[in-house]
Structures are given as C-alpha cells and as structure tokens.
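Participant: Chains C and U, in that order, are what the protein sequence lines are.
Quick note on the numbering used here: the first sequence kicks off at 1 and runs consecutively.
Quick note on the numbering used here: the second sequence kicks off at 1001 and runs consecutively.
Please keep in mind that the hints were generated in silico from the structure rather than gathered at the bench.
Treat each hint with caution, since some may be false.
[Claimed, not checked] Covered by chain C, per the in silico footprint, the following chain U stretches (three or more residues, Cβ under 8 Å): (1) 1048 to 1058; (2) 1134 to 1144; (3) 1286 to 1299.
Since the model is a prediction, treat every value here as computed from it, not as a measurement.
We treat Cβ as the ideally placed atom computed from N, Cα and C, and that holds for glycine.
Here is how the chains run, residue by residue.
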Amino acid sequence: MSLRIVVCVKYVPDATGDRHFADDLTVDRDDVDGLLSELDEYAVEQALQIADEADDAEITVLTVGPEDAKDALRKALSMGADKAVHVEDDDLHGTDVMGTSLVLAKAIEKTGYDLVICGMASTDGTMGVLPAILAERLGVPQVTLLSEVSVEDGAVKGRRDGDAASEQLEASLPAVVSVTDQSGEARYPSFKGIMAAKKKPVESLDLEDLEIDADEVGLEGSWTKVESATERPARTAGTIVKDEGEGGKQLAEFLAGQKFI
Amino acid sequence: MAEVLVYVDHVDGAVRKPTLELLTLARRIGEPVAVALGKGAEATAATLAEHGAVKVLTADAPEFADYLVVPKVDALQAAYDAVSPVAVLVPSSAEAKEIAARLAVRIGSGIITDAVDLEAGDEGPVATQAVFAASYTTKSRVSKGTPVITVKPNSAPVEAAPAAGTVEALSVSFGENATGTKVVARTPRESTGRPELTEAAIVVSGGRGVNGAENFHVIEELADSLGAAVGASRAAVDAGWYPHSNQVGQTGKSVSPQLYIASGISGAIQHRAGMQTSKTIVAINKDAEAPIFDLVDYGVVGDLFAVVPQLTEEVKTRKG
C-alpha cells in the first residue's frame, strides 16, 4: 500500500525583508515579499527522500494561508511533491497556532495520511510547537526535532539532538514528524520540476469543507491577543575603533568600564 | 491567593537557572506551585522552596525517561487538575515548549511562547515577546482558558524568597498515547565545563572569520578567561567548525546575556535573531561595513587573530 505523506508548509514574509505589523496587529503581508518558509524546505526534502526509499509513496503538501500562499505550494511541488492542498478562507485572517493546528489537523484527516512531516518552526512566528500540537490533536505519536529520519516496516525512526542528550526515537505509523535544519540540505527545483509543477493538482478547501465554524478561528476566535507591537528602538550608535595594534587592550578597557572584568 | 503552576527543568534533581527565574515571575502573579518530574524530582524541593515555591509536586516513573514528551504532559495535566492554577509557566526549552503546547490543547487554553518578561494584568498575565528577529516588542495575553506561557532564559532575576516548599507526591495515570514514541537510546552530551549557552551571563561567539575548527581555540580561550559560554554562527556550524548545539541564531539558540562578544561574525538577520536582545554587544570584525557594527556598544575593526588573543591576555592580567 502506498505510503501517504503530508508535508505541512507555511508561506511567510521574507525574513531578510522589512517585516511589520498591520493595523490589526497581525503580520503585514502586503509590504513584504512572501515565500515558502526556509525551514519547511527541509521537511519537503526529507519527504522526498523517504518517498524515494519507499516502494510506493505519495506526497501531499498542505498549507493554510491567503491566496499568495499558493507560491509556497508551487515551490514544494517543483521540488518534487505530487499534489497540494490549500486551505483558504477570509475568516482565517488572524488565526493563531491553536486555530491553525485545528485547521491543519482536519485537512490532514480529510486528505488521509500515514506520515505528517513539518519543519522545526516557522521563520515568522518561530514558536516551534505546532508539530507537537498536531500530534496531540491527531492522537498519533510525536517524533519531533529530528536531525535524521527514516521510515522502515511501518515505523519511523530518528535522532533528536536535545540540550542534554542525543536521543534515538522510534514510533509506529501513523505519526507526526518534524525535522531540523541539520537534517540535510534541501534540493533546488530543477527546470523540469518547475515545468511539471504547473500541471500538478492543487485542491482548494475552505472552512465549510472542513466543517469548522468561523468563530473557532480568525482574529476574533484567536486564543491569544496581541495588545501592542512596538518597533524596537535602534540601538544607540556605539564606539567603533580601528585596530592599530592596541584594539584588544582598548576593548578590555571598555569591558572593565562596564564592570565585566 | 491564586496559585501559579511552574514546570521545573532539572537534571537529576539539580534545578536549572531558568526555572528559578520563572519563580520570580510566578510570584508577580500568585503563589508558585512547582511540578518536578523524573529522577531526582524530590531533590529539587529545597532549592525551589528557597526561591518561593509554596508546594512542590513530584512524580517519578520509568515512562518519563523511556518515552518522548507525552508522559510529562500527562503528569503536568494531573498537576493542573489538582491545583486549578491561574496560569502555567514553563521554561522555553525545546522539550518543555512541546509539553506546554500539548497541555494547552488538552485544557482548552491559548499559549504564548518565548516570553522575555511577564507582569500581572487586569485580564490575566501580560507577556512581552521580542519578534521578527527582535525588531519588534509585543505585549500579548492569553484570551481563552488558563494562560500557558513559556519564558526564555535570562528574562528575570533569580531572587531568594523563602517559602514552605512542601513536597507532595503527584499521582499520575498515563494515557494510551504516553508510550507512543520510544526513546530507544540516549547519549548524554559531553560537558565542556563551560556555562550553558542560553543561561550564561557572557557569551563569546565565533563566525566565518574564525576560518576553521582548528582556530576556535582562540574563541574558547577568551570565553574561559571571562567565564563565558561559547557560541557559533550558522556559517561556522555549517562549515563543520563547531557543534550545532552551540549555534546562536534563528535555527539555533536564542541568547540574551549581559555581554555578547561576536568575533568574525558579519551579523546576518539569521544571527541577529538569536542575540539582538543581549544587553551589551561587542564585535570584532575586519570588515568595517559588517552589519554587526550597527548593533554594537563597542566595535573593533581589525583581525580577530590579533585582537582576541590580546583581549584574552588583558583580561587574564586584570583578573590577576
């Protein structure tokens, strides 16, 4: 039987751009270019490698986001994913992690899955907890923050490098996995891949398709409320000296003045 | 007085510093009740009591070490049910964040991660976060359920505040998902003898300019003279010069020390995201145009192989 892999991806504002908040304190998506979150490329890559090793596998890439989020799906399809699901609904604007995870979980169940693969965190919200929440919602094992991952005989195995120890983990499928940026460089889409992606199916779903009420998601339905967002004042210009042979001593003098030595 | 549940991060009974900082923040909201799990849980009580814990709920079982995350969620939920707290505070370690998030789903609560400050508010605790690579500061609160908030290291001072710290055994029954992910082997990280990167008061980091694993001793020697932790930029880690566990930046550790010394690091957004909230920032880079100099309190344009050893010698001399 075919191994059904669902990769969750996020369309994010470019981290190297000038990111802002909109008036309603959600992320401003108009004034900055969006793209597939870099950390999700690692998830797509591991899905492709797992699919290569399997006899038969199908990779669905899934996102929740506005119209432009299709760009993220297209990138993943051009890397080699087979099909895409885009959950898009005006009522989703301002949804936080609890709402997004609810939508993703319903869409994953509707799509059908043996393995869900996520990146370690988004590059905008950077919470890093969505994969754990998905596992909780789906009621399947959580095998997260892996630097190495493989699937054999209906089980997922991987290495999780934690602060205190490196752990070898194992769980039966179905399961939710997340992979770190140490899991292996993501491939660039080939010209052939980019052309092929244009013909791959992208299914659109809205909240009604997923039987989710509008008041469970969106800014109003959010489980958290941002009360203010203030641009951090630029750091006051510091002293910069050119090393003329005494740079280390000058630096020591500064550190001593600040009571660090 | 309202009780605040505090999840304890400890290693065989030795409480890690971020948990003591959490107790400081918890006392702004109510009376801290600590939850310590696993081997050595009861040994945490004395330290926790010194820093304000009125109660310490403890549980130990093989499941905590043998299976990933979920057994600890089951235990934290048992503590939540027993205490009915007004908030749940958890340190922002990778594992503890996952535990907090799963608890939040179960108790029907919103979650805020990586707070850098916390204060009491009319509608519940207000959390300060540094977002978009610390270019913005937000204030947020949980608007549904009991607030679950994870807090980054170095977000509050450790304060002595003696309290009873009464130890109570927590009764935990594990759910059917508790044994879903087995830890089949565990290799403890070798201790370098240096402070933990995220907890250190001073961090000395090296980047592309260090130009090879064999040169990192220059960074380590400066760190050791200052009693600092050693960090590395993504460029240095990707090149294989230093372990990923020491990476500072968006995909590594986020640090907020009193003093951050960046050597041979240009200061790309990826790196800034992990260190921009440091109190004092110092850089050494041969490129006067490097963006890191926009952040510094003091910068030296020069060759790090000349400046850093001279600084190390000077620190040693001054410290005698």
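Participant: Now look at each hint and say whether the structure bears it out.
Facilitator: Now the hints, each set against the structure:
no. : hint         : result
1   : 1048 to 1058 : violated (count 0)
2   : 1134 to 1144 : holds (count 11)
3   : 1286 to 1299 : holds (count 8)
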